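There are 2 protein chains.
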Amino acid sequence: MHRVRVRVVEDALDANNTIARANRADFDRHGVTVLNVMGAPGAGKTSLLERLLAGDGLGDLRVGVLEGDVQGSLDADRLASLHVPVTQLNTDAGFGGECHLDANMVRSALPAIPLGEIDLLIVENVGNLVCPAEFQIGEDARMMVASVAEGDDKPGKYPLMFRTCELVVINKLDLLEHVDFSLDRFDGYLDAVNPGVERMRVSARTGAGLDALRAWMTALPTRVAAPA
Amino acid sequence: MHRVRVRVVEDALDANNTIARANRADFDRHGVTVLNVMGAPGAGKTSLLERLLAGDGLGDLRVGVLEGDVQGSLDADRLASLHVPVTQLNTDAGFGGECHLDANMVRSALPAIPLGEIDLLIVENVGNLVCPAEFQIGEDARMMVASVAEGDDKPGKYPLMFRTCELVVINKLDLLEHVDFSLDRFDGYLDAVNPGVERMRVSARTGAGLDALRAWMTALPTRVAAPA
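First to last, the protein sequences are chains A and B. The numbering of the first sequence is the working numbering, which starts it at 395 and goes up by one. The numbering of the second sequence is the working numbering, which starts it at 395 and goes up by one.
Simulated from the structure, these hints should not be mistaken for lab results. Nothing here was measured: the structure is a model prediction, and the numbers come from that model. Keep in mind that a hint or two might mislead.
Claimed, not checked - To give an idea of the chain A side of the interface with chain B (calculated C-beta under 7 Å), a few residues:
# : residue
1 : Pro435
2 : Gly466
3 : Cys525
4 : Ala543
5 : Gly545
6 : Lys551
7 : Pro553
8 : Asp578
Even glycine gets a Cβ: it sits at the ideal position worked out from N, Cα and C.
Just chain A, same shape as in the assembly:
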């Protein structure tokens, strides 16, 4: 019985990777770079996107957003006033209220995304520090948002997510003096699971550090097209 169960799980994961590759081929054909944004509920993913994409946004880069949520369109509604195309994907309609996006869900949303009109697709995953990390969706890069309000031990408790991303954004820096969070201790836990991974310290509220993050995102398509 145990062997059978493992086989099923492996098949399911393979199916996800197969579909992720198909997504990736579609993105590549349209010249769209895809960034998978993950983090705990309330880490500030949507607030960051609001700030990053407001005004001049990412300059000449044409951006689209895919919002993943269990239910509702609160985040997509917040982003709707920014002049970027936003697509809402709910995991409770037909996907059993899943706690993450997988490749097949993203594939089902593709017809609603204007791939021919964007250069960068930002996918805001379901707020969750566990399962989203297990499912490739066809992305080129992964960015994680962690808030100082969550505590500095999170890389040690949710290692897979911190290990599988290219950038860790430490958000809510404005709260640092009000919470028990040591940046050094966080860096120590982070380096233990993903040594030397790029990290930025920002505040979506005050705007601190957002220029650097905006530059990172703007350069992503070039970096992906011609890796060092």
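Model the placement of chain B on the given structure of chain A, informed by the hints.
Only chain B this time, still in chain A's reference frame:
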């Protein structure tokens, strides 16, 4: 194919409920009341338990803690200094790194919990606002911890968790003046998914509101034994 898939899911859920009932029978036989504590990563579940159980703790009530984490024993280590028995349950060893506790995982931990020596078992679930709500573990009551740093829209985005608990604890009240969080708006979202559910506003950091929460926990076994 669709019907087959649904059937499998239903069987799995039924199996969980079957095992949850078996857990519950074991808890009842030992006269142990079980509280399932859930919330997002970094909501402050462990910090709250630290504060609640320090010193005189819950008075005459003998408490045990079951700590659920994907990996590591950071939380259990924090609680180890509190003279209460703490059992660590990791979901990555044999359970595939699950993002929640289920009845079978808790059942596997039962031999390590001194049921004969405690009156209240507090189960700290994996930090996650989605899946833990879907799995009964044999508990008598559910308590949710939400932090004001997470934003006031969370009941609208993760309705099942807020709907299936008897008490919602709004933590990190000391941060209220530093974040964009409206208690009224939170209450509005909460009442939309779980009208009138009992709620408490606390700060694990300053201790505000903890007496009321301690009283709620202390009275839980009596309340469970003789429902109104």
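Hinted contact Gly545(A) with chain B - closest CB pair below 7 Å: holds, 5 Å
Is the interface hint for Pro553(A) satisfied, with its Cβ closer than 7 Å to some Cβ of chain B? holds, 6 Å
Closest C-beta approach of Cys525(A) to chain B relative to 7 Å, hint status: holds, 5 Å
Does the nearest C-beta of chain B fall within a distance shorter than 7 Å of the C-beta of Pro435(A)? holds, 4 Å
Should the interface hint for Ala543(A) be scored as holding, given a Cβ-Cβ cut-off of 7 Å against chain B? holds, 3 Å
Taking 7 Å as the limit, does the beta-carbon of Asp578(A) come near enough to a beta-carbon in chain B? This hint is violated: Asp578(A) lies away from chain B, its Cβ roughly 17 Å from the closest one there, beyond 7 Å.
Does Gly466(A) meet its interface restraint, that is, does its C-beta lie within less than 7 Å of any C-beta in chain B? holds, 6 Å
Interface hint for Lys551(A), Cβ within 7 Å of any Cβ on chain B: Status holds, d = 6 Å.
This entry does not satisfy hint 8, going by the numbered hints stated previously; all others are met.
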